[in-house]
Every structure is written in C-alpha cells, then in structure tokens.
Amino acid sequence: MTDPNQPVNPERIPTPADGGIDPVAAHMHDAPGPSKTEQKSYSQGQLVVRRFLRHKGAMVSLVILVLITLLAFTSIGIGPIPGWWGKDYTKAADVINGGRPTYSFPFTLGEHPFGQDSTGKDYFALVMKGTQVSLIVAFTVGILATILGTVIGGLAGYFRGWLETLLMRLTDLVIVIPLLVLAAVLGQIASSWGVFGLAIMLGLVTWTGLARLVRGEVLSLREREFVASARAIGTGSARIVVKHILPNTIGVIIVSATLSIASAILLETALSFLGFGVKPPDVSLGLLISDYQNAFTNRPWLFWFPGLFILAIALTVNFIGDGLRDAFDPRQNRNKD
Amino acid sequence: MSTMTPAPADSTAVLSFTDLDVKFGTEFGTVHAVKGISLAVQPGEVLALVGESGSGKSVTSMTALGLLPKNARVAGRITVGDTVVGELDDKGLRRMRGNDVAMVFQEPMTALNPVLTIGTQLTEALELHGIAYGKQAVARAVELLRMVGIPEPERRVKQYPHELSGGQRQRVVIAMAISCDPKVIIADEPTTALDVTVQADILDLLRSLKDKLNTGILLITHNMGVVADMADRVAVMLKGTIVETGTADEVLNHPQHDYTKKLLASVPHLGSGPGQLGTVVTEVAEAPEGDKPALELKNLVIEYQRVGKTPFRAVDDVTFTVGSGEIVGLVGESGSGKSTIARCALGLIPAVSGSVSIFGTSFAAMNHKQSKALRKRIGVVFQDPASSLNPRFPIGDCIAEPLVVHKIGDKKSRLAKVYELLDAVELPRDVINRYPHELSGGQRQRVSIARALTLDPELLVADEPTSALDVSVQASVLAMFTALQERYRFGCVFVSHDLAVIDMLAHRVVVLQDGKIVEQGTREEVLLNPTQEYTRRLLAAAPVPEPGEQRRRRDARHALLAQLGDEVTELRT
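Line by line, the protein sequences give chains A and B. Note that this note's numbering has the first sequence beginning at 1, numbered continuously upward. Note that this note's numbering has the second sequence beginning at 1, numbered continuously upward.
Read the hints as simulated data drawn from the structure, not as lab findings. On a predicted model such as this, the values are computed, not experimentally measured, just so you know. The beta carbon of each residue, even a glycine, is placed where N, CA and C say it ideally should be. Be aware that one or more of the hints could be misleading.
[To be verified] Derived Cβ-Cβ restraints for the label pairs, each shown as a range:
id	chain 1	residue 1	chain 2	residue 2	range
1	B	Gly548	A	Ser237	54 to 60 Å
2	A	Ser192	B	Gly409	51 to 57 Å
3	B	His162	A	Asp172	29 to 35 Å
4	B	Tyr419	A	Gln46	15 to 21 Å
5	A	Ala238	B	Glu107	35 to 41 Å
[Claimed, not checked] Chain A is nowhere near these chain B residues, computed Cβ spacing over 10 Å in every case:
id	residue
6	Thr18
7	Ser357
8	His406
9	Tyr435
Given these sequences and hints, build the entire structure.
Written out as structure tokens, the structure is:
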C-alpha cells in the first residue's frame, strides 16, 4: 500500500519474467500529473464542501445573504412574533427631518435610519418587510421551478417517446402564452393565499426554460457510453437518471436556478406594479421601487434602499450559484492545496 | 550516440527545425512541450516523427505553420525552404501556408468543412494563392481529384464531404494539400482514423506523391507499422526531446535508446500468435457435457429504423458461439457491425430476428427481474474509457456500482472488493477517491476492466478496449487482461479492428464485413490460412514494424490486388 503522503505512483506495470516491459521506461509516457491532484484522498462530499469553502466570492456572498435574511426576519418579526425593531411598517408616524434618513456615520441610527415614506411610515421597517416578501418569493419560485424543470426535462429526455411528446407540448403551451398574462391570471387566483400562494403560482409558470435545457443535456448524456455500461450491468432507469445523468447536468441546473431566483424578483415586481402581485398592506422590494420611482429626484433614499437590497440579493445568489457549480464539478482544479 | 548530434544545417532541406523550444503558459505554470530539438526534411524524403501522446510531436509540426495558440512561446529557428518562419508577419505566414507547407490532418471529416462542396474547398486554396481563378480553378480541382484517384471527379467536385467515404475524404484532404505544389507536406496521423485497407491505399498514395512530385513529407504517427511502411528516416520523440534519429532500418531494426526498444517491444506482431508482450497463453478448458455456451448467436439480424426510409440492416444472419473460458475475436472494418453485435449481446439493442442466448437464456423472453439477474453474469468494457466512466463518480464508486445496483454486500465488503480489484488491475489503492479525469488513459481503462470484473462475470464483452491507448499502454493492458482471463476464466467477445491484437489473445476469430460473417474458425485457421478474399486483403493491409518485412508484405499486397483485379493507388500525373 502506498503511503498516503507520497505522490501517487503513476501506472504500475507488471514486470513479466521475459522482461518484455520495463517498469521504469513504462513510467515515462503515462504520467497523470500527480502534482495537480490532491495528495490525500477525500470522499466526494468532503471534496464538494472543501471546494465551496475555498471559493471566496461564494463564501462572502453566503455570509452577506445570511446576514440580510437574519436582518429582515428578526428586525420586524414574522407574523405575530415581534422583532427587535419597534416600529410597525403599516403605521404612519410624525415626519421627522423631512423624511430623510436619520442614519449617520458610523453607528448613529436615529429614529428612522432609512427615512420615512410620503405618509410618514418608517422606511426601514417597510424595506425589511419588502425583503422578507421578496426572499420568500424568490426562493420559493427558484426551488419550485428548478425541481419542476429538472423532473420534467429529465423524464422527457431520458424516456423519449410519448412521454417526451406530452411533456414537451405542455412546455410549449406554457411558453407560448405570454408569461405576464399567465402569471397575472394565476396570481389573481392565488393572491388570497398570501405571499406563498403567489410564489407557488409563479413557480408553476417559470420552469419551462430549465425543462428545455435539462432535456437537451439529458438527450446527449443518455447516448454516452457510461450510461450504456450502467444499463449493461442492470442498473434501473430511476438510478441511471438520478445517479448517472442528473449529476452531470448540475452546472446547467444551478446556473438556471440562480437566474430564475433573480428573475422571480423582477417578475413579482412587474406583477405588483400591474396590481396583480403583492397587495397592500403587504409590500415587496419591487413594489417599493415602482411606488417611489418618481421620487428619485427629490427623495432618492426611497429608491436607493430597496434597490440596494434587490441588488445585494441577486448578486449574492449568483455568486453562490457560481461557487456551487464549481464545487460540484470534479474537473475543477483551480483551487490547489 | 546519435541522439545528441543536431541535424546538419543543410541548405537543401525543405523544412528544418534548429534548437526548437516551445513552452506553454498555463494556469498551473509553464508546460515545456518541446525542449530544444533539431530536425530537417529533405526534398523527396519522408521523415517520421514517432512518439506517444503528449510527446510534443504535433506541437513541433504546428510551429512550422505558425499555428500555435497565443500562450505558446517559441524559441529556435524554423525554416521552410529559404524563409525563416519566425520572421514572417501574418500576411507572410498566410502566403507560406498552403504554398510552401501544407498539412494533412488526422480526421478528414473534421478537416473538411461540412457545409461547403469539395470543389469550393479545393478552389479556395487555388484562388487565395493566385494559382487559378474561376473555371480554370474548377478544372484544376477536377484534375487534382483525378490525381489522387477519386473516380468521377467531375461529379465529386459538386458533392459535400458527407457524401464521400472516409478514405475518399482523406484523398480530398491530400488533394488540397498538393493543390499549391508545396515543398513540404506535414501529415499529422494521416491514417489513424482509417481502416487498415484504406490506410494501405492512402500510404501508397503518399508514397507516390513524394516519388513523383519530390515533395518532402514530415509524417507524424504513433503507429510503428506505418513508419516501417513509409519512412526514410525516423526521429523518436519522448517528452519533448528527440531520443533517437536514424534511417528506418537503423531505428526499427537496431534501436539504441531504451525507449525506442521498449516502444518496439510493445507493438504486437501479426503472425506471432499468443504469448507476446508478456501475455498469458490460456487453453480453453473442455466444457463439461450439457453446459450451455456463454454466448450463442443464431441467424442474428439487427436493423436500425430510419425515418422515411427502409431500415438499415447493420447485422445480417450472424451465427457464432462463445464457449465458457474462450476468447472470441470479432474483427472487421468500421461499419461491419461488430460493435452492434456486442451491444446486442448485452441486451442494449433488440434483434429483429434470430436469437441471442446467454448461458442458454435470452433477454428477449425475460421480465425485468430475470434480465437483471442475467446481467449480473455479464461484464462490459467499452472502447473509450473517458466516456464509459461517469465523470462525476469517483473511481471507488465506479467499481462498486455493480455491487450497489445488485444490492450485494455492505459498505465494508464492497470496499474490500474494490481494493481487491484495484490490486488485480495493478492500480494503487488510493485512487478510489479520485475522479476519472485525474487518471491517464491507460489507468482509466484499467478501471473499466476492474468494474467489468466486479461481479465475477462468466461472460465479458470488450468493445475495442485498447484502441484508444498508446502502444506501450496497450501492451500492459493486454498482458493484464490475459492474466485476469486465466484467473477468472470468463468467456469473452473481444471486438477489435486490430488483427495483431486479436492474434495475440483470441482462441477463435470471426471476420465480419458489412454485417455478414466472412469467415470464422480458430485463430490459426483464420489468421494463418485465410480462405476468403476479404480476410486476405485485411491481413495483407496490416503493416508490420519491420521495414524489410513490410516491403515484402507491401509487394505481396500489390500482387494480391493485381490478382484480384484491383489497381494499386498512386498519384496520376
């Protein structure tokens, strides 16, 4: 057994009695480049975690996203549970300082750190509520659309035949109806069920792009020899799809998921703007921006704060997706020991 | 030693490299691809540059055309005729390419543009270099096609690359290369993608080209048989340096350097039979009475359905058996249906008619559970280990996968089995958590073989298991393979296009052509005393790595062709 601290011995060649093959010479051609591989052996899960932890952009983004989420949910509380920020986003108060932000560098929060809106509501509380709603919408839509798209695309691509025809015509049907119209109708129905209802409806209409991408990937992967050899040893279809094919599409899935999370925020904004999305007194970041887009010249903070949070959420999600994709890809060698 | 003397700075050389040194800047630091080599090609001479993958032979040839990527740093002097390549600007380089140096690539399908006609691609070079325009250029294109021996050139110039066969496409590529009358042609593995009989024709064509046009040829290849057939002089390359140069006779018959000796020792010799290269000679054990053969094909027909056309019959009326513990070689050229038969035996493709029975049972008459139980007894090794191993599975999981699928053992016993198999295929145990891309080609193929043996199969289907490997790696994999066969005693269908490999390990041989069996019998019968014309052609076309013997074989092949009423391919001027 090789000492784990020693570099891997590149190809050990048998030395037949007739001396036909010289192990030293055989060494010369076939070096796998042990310098590039880790010297120690890690399991698959450990490798993924290690690679993700070493991706600086993803780690910083993860920390920021967790902080934003914690801030949004603890500050004004969820539902009946009160948060540590005393003010209610639905109640107006006396306008202080012309509604300007009272925050000043470095740690003076003042009465209304993000200012007040036109009716005197605390804008920090509003932005926090909006962030909550947008996060719930974004992640519910992102996760639901990804699961639906992957399952539908995977089934259609692997099984082909009538199942593919059925699923892909269904996909076409969803694609040809303008997304806003479909989302508006469904959103109207679902809005009585609150934010989650809206998010689930949006998830049900945004999986199409991913389904097409996954199907395409699966179509090419199912013809690869490793799938043929898996079938030849008697592997069942479910295991082939889940263990052999889908892990190879993880790059496409993650990129698409991060994009759909970002676009869900925008779709919700558009719907809210048209009056089909989040209804007052609920509020979302997109709604805040569209409400105050005209205030940009005289009261820019009403635009900037929700905008900043949308930007932060979208960017961090994209960086995390980037890090995940790199971590899952075994061919990534960028991070060395 | 001849290795250290640089080639003389001969003024007559059409292509010369002096102290050529190429480095690539990459993410992982600098890769030193070519380390100060000197070479010269004389007019009318074939210089063969030999080496295994990664030795820097293709990089060397690319420097002559100035075609290296931007991260390459080239030092040293390269001259084509009287011009120094390093001193040319982009315009000068373009004028030189095609005009002075031309290139013949490995894969004619990708070297030709699939959306342009043959004629357009041929006239493009003529017009760019101002040799002929318009109708004249087309006339010249037709003439070029006639020269390289393509029938009906007037019709062919209007056709697209996919309408031609592989050999004809390579002839077109050669016609393009000679269209501007270059001083030197660089042929980078010109026959690797072709069948042996086509390879022999293309080599005949290249040989007549150097004789009739006095062109210098730099032939890059890893095939020692091609070297013996073509080369006047040989340079052996290893890891960016030239370890040995000399005439074909000196290098191939009296090699000085250890690496050259090893390389030559790894080439299987057609006609030498089993026992070469450390392979184990196994005798087929007499099967007990009443034992079913491992695989029995009866009147097998396989068709591929085509939309709007009659189905394509890939395999037609094929009957043969593989006894337990017997290796049957399935030989044929591309399109002969050998891989299709292998896949059908694995139950991956249904048969249209006829029967496939494995240990007396058949996939067709089975439910899901029974066929899974049968698959347990069959192992499979595919041609390209890079694509037959799941890139997302660590090696340990790859090998243990059959155990997981068939729910055999627990985690501990599976790991023990993986270790046992890694030892059997001579890989270090700590590869279990590595991924396929971290291993070399030979190591990957060992992993596929280990995976095929996980369930102790009684039948192994090996579809071209060594054709993607370098010769020395192939030798070690084959030696291991026969040792494993002796130990585990599985019956085996061994698909290969390489007659020499089949000669080394098969007990019986089946020769296929266009989906039909041409000849079958024991190894001695088929390979030493072939009765069918097609088998004789195949055997005659396979080159051997000894210049004198190869010359005799070539003359014998030409005689055979004359006897069969075919003509020898050559340049028609």
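Handout entry: Violations among the numbered hints
Key = 8 and 9
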